[in-house]
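Those protein sequences? They're chains H and P, same order as listed.
Position 421 of the first sequence, counting from 1, maps to 421 under the numbering used here, and the rest follow consecutively.
Position 339 of the second sequence, counting from 1, maps to 1339 under the numbering used here, and the rest follow consecutively.
Worth flagging that the hints you see were computed from the coordinates, not collected in a lab.
Be a bit skeptical, because a hint or two may be false.
[What the hints assert, rightly or not] Think about it this way: if two alpha-carbon atoms lie no more than 25 Å apart in a straight line, the pair counts; the simulated PhoX-like pairs of lysine-lysine are:
# : chain 1 : residue 1 : chain 2 : residue 2
1 : P       : Lys1167   : H       : Lys268
2 : P       : Lys1296   : H       : Lys79
3 : P       : Lys1209   : H       : Lys43
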Amino acid sequence: MKIERMNRKRMVVATALALAGLGSLEARADNLPSLGGDVEPWKVDIYYENDTRYRGQDKTGHRVGLSKFRNTLQIEADKKVGDGWAVRSILRGTWDGVYRLNKDEYGEDAGSKSAADVRIPNTAGPVAQSVGLFGPAGSNPLTSHYSATVPYGGGVGFTIVDAIQSQAGLPNLGGPAGGPGINKFIDPNYGNLATPPVGYGSGAGLQLLGQRWNSTGSGVAFAVPVRPCDKDKRGCRDFGGYGDRKLSELEAPEFNDRADFIRELYAKKTFDLADGSNFFLKLGRQQVVWGRTDLFRVLDVINPVDYSRNNIYDELQDIRIPMWIAQGEWRMGGSGSMQERNLQVVWNFDKFRPNNLGQCGSPNVILDAGCFFRGMANLWDNGGTVANFAGFSAPGTPAPVDGVWFATNFGPNQIGIRKVHLPEWSLANSQLGVKFEGVTQGGLNFSVNALTYRSQLPSLRSINQVAVNPFTGAHGNSSPFSGPAQGIPTTNLIAFDVYFPRVNLIGGSMDFQSETLGAAFRLEGALTEGEEFANTARPRLYSENKVFRSVIGVDRPTFIPFINPNRTTLISAQLFYQHIFDHELKSMPGGKVGMPDWENNYIGTLLIKGFVMNDRVSPTLILARDFKAHAWAIAPSVEWSLTDDLKLTFGANVKNRDNQSRWEFDDCRSCNPYAPYTMYTSGAGTQGFAPGSFGLSGIEPLGRFRAGPIGAAWKENELYVTLKYKF
Amino acid sequence: MKLNTLALASALALASASFSTAASAASEADVDNSFFPNKKGFPAFPGLNPGLVINKANVEQFKGAFDPGLFDMVKDGWVEITIGKNSDFPQPKAYIDATRGAKNGDIEGYVAGRPFPEEPDLKDPRAGEKLAWNFKYGVNYGDSGSIYPFYWRYRNAATGQIERTIKFEFHFLNFMHRVEQPPIPEITPNPAKIYRGTYAKVYEPQDLKNTQLLIHRFEDDTKLDDAYLYLGFQRRVRRLATGQTTDAFLGSDMMIEDFEGYNGRTSDMHWAYKGTVNILVPFFNHNEQKLTDEYKESDGYKFVDMHGKGNCMPNVTYQLRKSYILEATPVNPNHPMSKKVLYLDAQTMYAGRVLVYDRKGQLWKNFTIGKSHPDHHLPKNKGSDVSLDDSFSQIDMQAMHCTTGQFKVHIDAKLNPPDLFQVQNLRGGD
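Okay, chain P solo, but in the shape it has when bound:
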């Protein structure tokens, strides 16, 4: 894997979609190591066994198994962590095969799979950038996926008061780099070169009912997303200016940029790989968790419960997993954060834990996303090999406020027809 080292890093950061490298197929060993990190055994930490509850009384003993954000939360009594059994989260075979056979190591001409499957190297100045591309082109929801219902709650972390509940429906569709669901690798015609579409609709509360949001992310990383909002009370599609990705989404603790760990242009950040650690992350089997009876689903599905201070954290089990520390520093000096640290799960490239620091360098937001194994979730998700988003928590540590999310994910291609991601579909709304 060789990158063109002559270009200035800043210039590359601004035009990273176009950087060209001398591409080579990743070795079998690289790919195996990337997708099967537990082949030789799961990571371990002394005394850390399934069933163990870590709280402020014993957290110091396991400090090495924590990222600093979660460690402080446990130490300060925000939450207790229950350890679950280690498990493998295999990725879709087609995605792995695409990685194996691709001319990877080059974003220009990238087709599918994990672009940079090699183990990151601290000596590689662009290792962070490669991880950022791996993250961007990760499996995520596979070629398509949906969430319904998806409950967001705004909570006062100090009092536990639920201030607002939003009920969403979300759909995701990759127009490009598809590996499993026909057509492969791209839905055509796609003259605008949309990489991914996101469609969301709000059902509750009353003032947001029937609001729809459509986001088109383009293959050209330097291009801003196109976004359209259908406001139920206006019955009209409104074009959005998408440059303000640091806006608090619908007043939640989530900036638009915070979705899925990082939801912006790769070129908007300087990326740095800061090492590999084994840390506790909320990866689990949904059906084995303590679930809440609060929301009723006709199929009997139950959602992950919340607990801890202000009920801001998902009540799920954690397991020790190999993670890459990826640090993102904004290119824009006026960005409200000084940096974001993503703990990328080595096997899945999901950011199970993310820490956001304010411009003074103080911890601002503590983001957790819980992942369920698809074989222990809805029956239809079984065998999809898509690690399922199952809960999230974004805590504003300074404002003592949090936003939580509880998911019901469906991996089902027919739920995400391309026309759902057309602007015109919004206009057919109620």
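Looking at chain H on its own, in the form it has when it is part of the complex:
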């Protein structure tokens, strides 16, 4: 906290010094608002906005109800401070009442009421019962594993593992009489399955990972704490501004240790240079926007984005996270062949912040990633029950990939997310961009961009042998109980640390208009190196890949008489394309192994925006299609300006998908980090002692990358009304 404060102070001081130092250069002094100008008093606008949203049923069939009751007070203040300097400030405070008004869904009472409410798939159960694996049903506590689902904490533990080992003639990993021994799986509380093992904590406040948008089926899943972190601290981590928030911080997210209520605070000035060109300087907390496309962030990556506010559906200006940035722009003017030439340098000297992906248990958790993270962090800290994990096979034989699986009780420090490595503030961790932007003689607008920055998305790198081998209780394969695998480095283990790697980007953009088509065209492209992706074919379960992204957009104002014969309707279409270089994907007996992200992905958007009643009413239809995920979104809305100061917006956001099977991907159950215990077999043979996945698949956890932000939110259909008033 102290370091935080020092960093903030340092930034403010640096800004002030820079302002003071530059004050002596020649500057403009005019008296119209656009021209810098003389000292003028503060001009203050105050806005109030209420955004109320209602969701229908999620994948469980449960009606979600109120999903947002967000009240925002925003104060925008501008002042000319003299000598050509102008200062602008936007202060924003939000209070979202959804956590109190719908506390069963998002607040202190969210999630399960008891462990029995959390039904964790256990596909091996009925099969085990059919063969009488643990004796007749009800004859002993072990037969509790016969059911198709088990409560939280009801997976197989050390007793079953011991039994299997002993039946197989393998080293007895258990203690005497099945008591806890070397193996560190956790036994259920056989005395009362509704009460989880002590280390797991309460069975209340949990949801099954992904239950809101997918069916676990025969895949993996685990219970995720969903209550605010002051109500339930399990799995709480600071993933970079989210993940460890208490109720009051979720309700009022701007009032945090990064002073996010200061949305923007910057000073700007244009200096006239001796050669007739000028230099534009903007210093302070701000948004710097690159690129020419809507929605997609190909070049617009200087500021991270807060997706927790409204997923991808808010205007970017409201969800970019302003950073302390210095931008200088040498506006050179024209030349013999160029109408404009501008060279911009952007230095983001703020302490790193990633995108806010939303804390699990809040209404907007893009890709449901925050739930995966929290659930994984809880698994690391406390252990937990993982659905369909332990393959059912004859003792001493590898499990078949087309088999059934027992829900399994892991102990702490075995799997999950251990630590988040957020880059500290340092000069080396700051981010720098350069852009040359020009207008050619023929009217082509273009930019060439380069940026070195930190990835705003987390990368999960396996920590492998740092984790505890639940079979042996030792780290990696260091124990003699690993048998022939002893000494073989552990790889492909689903235990991670989170990193935000450095990324270098080069790109460009252009726009032009076509008289023949009556349209304006926008193009944008970028190549990055340094981004990291999940990759189950790699020992640390990630790979670094170059990525090319591009967008082509077309805007055409078109007269559509039935909407308005006198006013054009804007039709805007965009096609986003992403290519991952050196993409890895291979077929294994259980399914696809490698990178869940599509090698080539395409997303199309279409916006139709009409204007009626002298632009006081604007009906809008937005369509989006993720071609690879086979998911789509439709967002109709009507904006109605009742007065100049009062605007109402009614709308809906409906999403759907064709089927979810195409999202299934290697879940690393068959990654075989601890042979011989984790080996799988198929008709093609047995994995042996070499780690690497056989491709057992499910939606969780990697299907989210194939579903994308539209597919992963396909059960978050909403109706909403937004009221905005200017005082």
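Following the hints, position chain P against chain H.
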């Protein structure tokens, strides 16, 4: 003045920027007649004297002093017209001198001043086209000018309800054909040959706040404008397709093409000169008008008030002025209007009154722009010889709806630096 009469009119209309004529310097008499039409006295109409109020009761008596659009409005009780004293609206000396010395009579190679200062002749088939060029290259805001604040109001003409108020800042800069403000005659480098830049910013209402618009009009009349929009809520400059000039600008009653009377390519219209008349137009001294206290300015400036039906018309005085009737017929048969009639003020080449007819030939829009003498306005405008836009009214007669504008114009070169008209300037916005 001889034009190349061999080329087909339609072809010329499509490529009028390039038509070549046998150029000759306008005679001194032509120039004097063009810029000093009141030298021998102001036009007069029997019974029309300063202070007279013309309303539906007495308008028939003065029918000959009205254009048909305004006459009908008075006759139907929309508005009463108060007559002000006649006055001269001299044009900038440098502009007149440029006209005098130029090789005018030829758009190709045009440098500055009024391209065709000769009195239009009904027998000249291209007289309308010449007037259109005079209009395009008119003084307008001089080499540069700005408006702030500039209030637009959308009004229900039937009820008077104000539906929307937009507060703008506007800037204009001629990159070429400059006569007064250095550099003369062109701001260089200007490889794209931009003739004129227009920059606008919106301050109110909330949903349009910080919207900026930049338009580049090119010397090549066949070329579409380049336009860029910075949306405050997107923080991004958006390239616009500018072909749809008949789009209602921000939902107002003004098509983009309607700005300043006509705001399109000369080549998009067939132009016809239909005669010369003395009609009542709102030319006046701002400081002598009944002004409104509604908007507060720190320097005490007050805006022209609105009155009449729905408060759709500027409450200013009118004077009888020599005007040319210029009729524009769209080249594009799908254009929503059948024709536009501009009443070009002979001395200033401003369109004080404009009538727009729909495709059925019915009167659609009634446009009035009020001009103030610069010596009776802001002190800094005194002596500029730029006739100042002071109010406008665009009434959709069929929809019973109007848009009004109230101006505070500044003629001050330093308020319009060339870099304000660069795309990059938009990106520095809030």
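For each hint, the structure was consulted:
1. P:Lys1167 <-> H:Lys268: holds, 23 Å
2. P:Lys1296 <-> H:Lys79: Between Lys1296 of chain P and Lys79 of chain H the Cα gap is close to 18 Å, so the pair holds against 25 Å.
3. P:Lys1209 <-> H:Lys43: Measuring from Cα to Cα gives roughly 13 Å; hence the hint holds.
The earlier numbered hints are all upheld by this structure, with none contradicted.
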